[in-house]
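Novice: Sequence:
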Amino acid sequence: MSCKEYELQIERAQDAVKTLEERLYKVRHNLDKNPEDAVYRRELKQLSLDMKITMNELEHAQSELELCRSSRKTTVLRKSVL
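Take the sequence shown: its position 39, counted from the start at 1, is 38 in numbering that gives the first Met the number 0, and no numbers get skipped.
Treat the hints loosely; a few may be bogus.
Derived DEER-like restraints, expressed as beta-carbon distance ranges [stated by the list, open to error]:
| # | residue 1 | residue 2 | range |
| --- | --- | --- | --- |
| 1 | Leu66 | Glu10 | 17 to 25 angstroms |
| 2 | Lys44 | Ser69 | 35 to 43 angstroms |
| 3 | Asp31 | Ser1 | 43 to 51 angstroms |
| 4 | Lys25 | Met54 | 14 to 22 angstroms |
| 5 | Asp31 | Ser70 | 44 to 52 angstroms |
| 6 | Arg68 | Lys32 | 42 to 50 angstroms |
Worth flagging that the hints you see were computed from the coordinates, not collected in a lab.
The C-beta atom is built at its ideal place from N, Cα and C for all residues, glycine as well.
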């Protein structure tokens, strides 16, 4: 995978995080009004899980991007030495 693809993965994950944060805010707001609502409680659990998965994907893509960039630097350095 090229470094650009990891950059795109990061952008998509960051967009997803923003969307999930907005939805979490709304659900929490609704739960403040009605803490016993089972639908909102279920939605909160699902959103929390989705957020955790998305954050893991974001961290993984960032890590892979760093590795990709560092391997490119090493390759460039090797070529310049040769």
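Novice: Look at each hint and say if it fits the structure.
Specialist: Hint check results:
1. Look at Leu66 against Glu10: about 18 angstroms separates their beta carbons, and that is inside 17 to 25 angstroms.
2. Distance hint check for Lys44 and Ser69: the Cβ-Cβ separation is about 38 angstroms, which falls inside the suggested range of 35 to 43 angstroms.
3. Under the hint 43 to 51 angstroms, the C-beta atoms of Asp31 and Ser1, about 45 angstroms apart, fit the expected range.
4. A beta carbon spacing of about 19 angstroms between Lys25 and Met54 agrees with the range 14 to 22 angstroms that was offered as a hint.
5. A beta carbon spacing of about 48 angstroms between Asp31 and Ser70 agrees with the range 44 to 52 angstroms that was offered as a hint.
6. Taken as a hint, the range 42 to 50 angstroms holds for the pair Arg68 and Lys32, whose Cβ atoms sit roughly 47 angstroms apart.
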